[in-house]
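*Asks:* Letter by letter, the chains look like this.
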Amino acid sequence: MTTTQWIVNLLGLTAVGWIVWYFWLQTKAGVAASLMGDVQEIDITVKGGYEPDVIVVKAGVPVRLNFTRMESSMCSEVVSFDGLDRSATLPEGHTVPVEFTPDAPGEIPFQCQMGMLRGKIVVTT
Amino acid sequence: MTDLSKGEQGRPSGTMSGEVQYTRLDLEGLHCSSCAPTVERVLRGVPGVRTVAVSVGTNEARIAHDPGTVGVGELCATVEAAGYGVASVDGVPRTDEARDPDESEHAETPDPEADSDVEAHRREYRRLMRKFWFAATVSVPVLLVAYPEIGWLYLPNLFVVSPSEGLVWGLFALSGLAALPVLAYSGRQFFAGAWSAFRHQSADMNTLIALGTSAAWLYSTAALLVPRLFPEGTAVPFYDVATVVTALVVLGQALEVRAKGQTSQAIRKLIGLQARTARVVRDGEEVEIPVEEVQEGDVVVVRPGEKVPVDGVIVEGRSALDESMITGESLPVDKAAGDEVVGATMNTTGSFKFEVTRVGKDTALAQIVRMVQDAMGSKAPIARLVDVVSGYFVPAVMIIAILTFLAWFNFGPTPAIAFAVVTAVTVLIIACPCAVGMAVPMSMVGGVGKGAEHGVLIRNGGALQLASKLDVVVLDKTGTITRGAPELTDVRPAPGFRQDDLLRLAAAADRPSEHPLARAIVDGARDRGLTPPEPEEFDAVPGHGVEATVEGRAVLIGNVRLMRRASIATEAVEADVLALQEEGRTAMYVAVDGRIAGVVAVADTLKEDSLDAIRVMRDLGLEVVMLTGDNERTAQAIARQVGIDQVLAEVVPEAKAVEVHQLRADGRRVGMVGDGINDAPALVEADVGFAIGTGTDVAIEAADVTLMSGSLKGVAYAIEVSRATMRNAKQSLFGAFVYNTLGIPIAAGVLYPAFGVLLSPLIAGAAMAASSVTVVMNANRLRFFRARSFESSVSAPRNAIPEVAA
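Residue numbers (our numbering), protein chains in the order written: chain E, 1 to 125; chain S, 1 to 806.
Note that these hints are calculated values from the structure, not bench results.
As the structure is a prediction and not an experimental result, all values here were calculated from the model.
Check before you lean on any hint, since a few could be wrong.
Said to hold, decoys possible - Below, in silico cross-link-like pairs of lysine-lysine (BS3-like), each with a Cα-Cα straight-line distance of 30 Å or less: (1) E:Lys47 - E:Lys28; (2) E:Lys28 - E:Lys120; (3) E:Lys28 - E:Lys58; (4) E:Lys47 - S:Lys269; (5) S:Lys730 - E:Lys120; (6) S:Lys353 - S:Lys269.
Said to hold, decoys possible - Just a sample of chain E residues kept apart from chain S, beta carbon distances all over 12 Å, derived: (7) Met36; (8) Val56; (9) Pro109; (10) Thr125.
We put the CB at the ideal spot given by N, CA and C, even for glycine.
Using the sequences and the hints, build the whole thing.
*Replies:* And the structure:
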């Protein structure tokens, strides 16, 4: 193999390794919801993803997630909470609150209809 | 999970802690970034306001305030005094200046939501189509100068015999420049989406398209500008890939948006049912007001042909109401004072007044809409595998693209680098995660909507999937197969008595009684044109019957024990009694002046379409079982009439769940159909619980499927719809998986060594666009689904089906 070939192959394999690390192996830090009155509240911006996408809440306290979709792409039109059997349609530019009370610690994933955009709520004690 | 807002896309107004109220105002007139601080400042100045946050992005102000000191009205007034407008309070459009916050919590017009949803889809479609046309217009000339080696496709060949190298290069350079605005304008969302996703450590379809098109453009530009970097003969630009693929994918997205709009039509139809105005009696006068302003306790007037605006109870007048939009029941239902009416149903010829019991989000319609929306967004269990796959899909495709590149680069024929780039780009472009991810949800939206059209509310995707797999359907007898209310069926006088006299006396004796059997006899007598007189004396003998004096004659009506007590010989009618019991009817002895006068019989009667519905269920290959607390003989009599062979009789209510459990024990999937109240444990125990409602109370928690009408056909229909939906979802899913698992390797060039077949990135772009559109279109086919359960009844008038007495 020539030097060029070595370099190209090495770059390619590095890129593969980097993809695995960046998309799959990295863990994300969560953002804690803030307590407003009796409700843990957090604003989530929907634009190519959920910002923030990992939200830490306490069990037993009502949670209000305020989703605001800031894009016209239809992909993010619906956010669904699989474990809760809940979903909400997010009209562009409007804030749509989703409320529930998590009663046990664990994780509650949420995502767009196709599962391309994902986020999760980490419920702690 | 406890549910704060009952699954509603909440309108969280109201007091949270007892002192602080959170209010959200949608503002108008925020034109600049300096407006937000202004509004914040004026609001903070109001006594009782604790915190204020104004966002220019969403045009809203979120205010924490002390409701005792400052009300929502005052907040709005403050904003307006500062020169801005308030479009809505807590998501509820403001129409009335002096609205009080408690009222606004209830007032909710789904209409604007529906309209804006349609409008948003249209807007997005038009926006994408503009992008498509731009990309397509640029693509044509770019394509026509892209392949100098294909003579007939190369435009300059029309003008010059043999284009010079300089001309070819110049035209490529122009193509490269022309492709830039296509990527920047038409393909903007791919890059923006890819970047947002990247920042979230995720990758989606946008990532793939952005990578594919930009790789094509960058490679071409490098080949054009510094050809010496590349081995001899490989420095060939392919700008056409960047533009054509962008055009095709944008077109695919546009078609997808349009098709999606059609799939969710059912929910819009439901939302659109809401009346806009109501005629309310205020201070003795009828005034027409917007439906949001109707309050509980108002009296609403409904004239012939008008829509009932909200839920309530008739206080005056009578009419027949068409409830088909809610219950799926095609014939109008007679209603009079004391009967419930449901918002969105249509009054026919009479007129009436009703007192409002539920408004806004509490109405049956609003609850149905919410339930259907939630169900549409929920996942069927088969989609969970897809979720796992789609989490890995896009990065995996990127890895495959890199490996493809390396494989061609290392082992490919010359020009290796050109092959390597083209195949890697093709892999990126052909992969369609959308088709995979969309398959199940799209079918779910179609199927749940289809159910709602006929008053069948499926709670979630899990219920739908299970309903499609049922082997056994257990039907409760009373109230499910039968009407649940006894009716007079037979009057058999003993020798020496006339039928009418017998019935008249029996009914008179029963008049003061509250017993359902007594009511059935009195109603039966009236239906036959008799007017039973008031008895002079009346005495109910618990467990036996009734003793009364009617027109001076001593009348006894009751069971055989009552007759024995009075030492009355019953031999003359025993044969009749036996025959009636054999048919499953409840026979009662009547004695007049110490002598047996005859027998009257009552029975629960079948619902008109129970027979048809059960036939359809059997046609669907389901095993039908009847479950009842009644005695074996009555149960068998009913079972014979409707064609059920398997009967579980004399089952006490508490044991129903046990019976269901036993049926499930041998691995069969069991659906239980009951009225949702006494049958709740059995409904929960079953794989799928069907609550058969004769009303519109949709808050039946135990049920997986709620039938708004009392007809058993809803059960057959629900099963048919769920089967069709699951079939549809599986087709789409299978198609999408096959497409990707075949498409990606072919794009990578696995067929090249053996057959010399290599996919053009242009074809890959078209295939990718087509695959996601196909999924949505396949889901749309569900709209045309025709159920067997409703075919026969559509044309047949109600009275054509013989009413079978039980």
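*Asks:* Could you run down the list of hints and mark each one as holding or not?
*Replies:* Status of each hint after checking the structure:
1. E:Lys47 - E:Lys28: Within the cut-off at roughly 18 Å; holds.
2. E:Lys28 - E:Lys120: Distance of about 11 Å is within 30 Å: holds.
3. E:Lys28 - E:Lys58: holds, 18 Å
4. E:Lys47 - S:Lys269: holds, 29 Å
5. S:Lys730 - E:Lys120: Measuring from Cα to Cα gives roughly 27 Å; hence the hint holds.
6. S:Lys353 - S:Lys269: Distance of about 27 Å is within 30 Å: holds.
7. Met36: violated, 7 Å
8. Val56: Given that every Cβ of chain S is farther than 12 Å from that of valine 56 of chain E, nearest at about 17 Å, it holds.
9. Pro109: With a cut-off of 12 Å, proline 109 of chain E comes too close to chain S, as the shortest Cβ separation is near 8 Å.
10. Thr125: Fine: 16 Å to the nearest Cβ keeps threonine 125 of chain E off the interface.
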